[in-house]
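Participant: Sequence:
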Amino acid sequence: MSAQASICSHYQPPLQDIRFVQQHWLGAEADWRRMPAHEALDQETADMVVEAAGAFAPTCWRRSTAGRPAGCRLEEGRVRTPDGFPEAYAAFVEAGWPALACAPEAGGQGLPQLLDAALHEMLASANHGWTMYPG
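Per my numbering, the sequence shown starts with residue -5, numbered consecutively.
Do not take every clue at face value.
Said to hold, decoys possible - Quick list of simulated restraints, FRET-style, between CB atoms: (1) A31 to G129: 20 to 28 Å; (2) P80 to G101: 17 to 25 Å; (3) C66 to A34: 36 to 44 Å; (4) A97 to P128: 33 to 41 Å; (5) Q17 to E69: 16 to 24 Å; (6) G129 to D77: 16 to 24 Å; (7) A34 to V73: 21 to 29 Å; (8) V73 to A111: 27 to 35 Å; (9) A64 to Q103: 26 to 34 Å; (10) G102 to P52: 20 to 28 Å.
Rather than coming from a laboratory, the hints here were simulated on the basis of the structure.
Even for Gly, the Cβ is constructed at its ideal location relative to N, Cα and C.
Just need the whole structure built from these sequences, with the hints factored in.
Facilitator: Now the structure itself:
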């Protein structure tokens, strides 16, 4: 195992840091209470969303080891992704992550963009290559 592989053997999202920034530095809950679209959102619910995102992100990290050597490739006019990437995307969609901050009228969950940003920060930290798929 290379030195880099032993250093990066897993991804553990910094949930405590994310909660600190949301609660103490940004005072997000107070801001949400002033927004009609988010006035019912409390910090406990926001923490549950961040923790669920934190549980999902490491599953993308495990796929990064398969994606690094394989990469994307063009075979017979079709783009092929690394093993596990389509399954990770299916799980991402099934869990409702793409619609986290989208309006409920458009099929979304209507949560604040701040929670979506936390999700995407964790995904990019876990596997930047895969995170480029859903954007």
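Participant: State for each hint whether it applies.
Facilitator: Here is what the structure says about each hint:
1. With their beta carbons about 22 Å apart, A31 and G129 fall inside the hinted range of 20 to 28 Å.
2. Checking the proposed 17 to 25 Å range against P80 and G101 shows it holds: the Cβ atoms sit about 22 Å from each other.
3. Range check, C66 to A34: Cβ separation about 42 Å, and the 36 to 44 Å hint holds.
4. Taking 33 to 41 Å as the suggested C-beta distance range, the pair A97 and P128 does not conform, at roughly 18 Å.
5. Between Q17 and E69, the C-beta spacing of about 48 Å breaks the proposed range 16 to 24 Å.
6. Distance hint check: the CB atoms of G129 and D77 are about 21 Å apart, consistent with the given range 16 to 24 Å.
7. At roughly 42 Å, the beta-carbon separation of A34 and V73 lies outside the given 21 to 29 Å, and the hint is violated.
8. Between V73 and A111 the beta carbons are some 28 Å apart, a value that agrees with the proposed interval 27 to 35 Å.
9. Between A64 and Q103 the CB atoms are about 33 Å apart, so this pair conforms to the stated range of 26 to 34 Å.
10. Between G102 and P52 the beta carbon distance is about 25 Å. The supplied range of 20 to 28 Å therefore holds.
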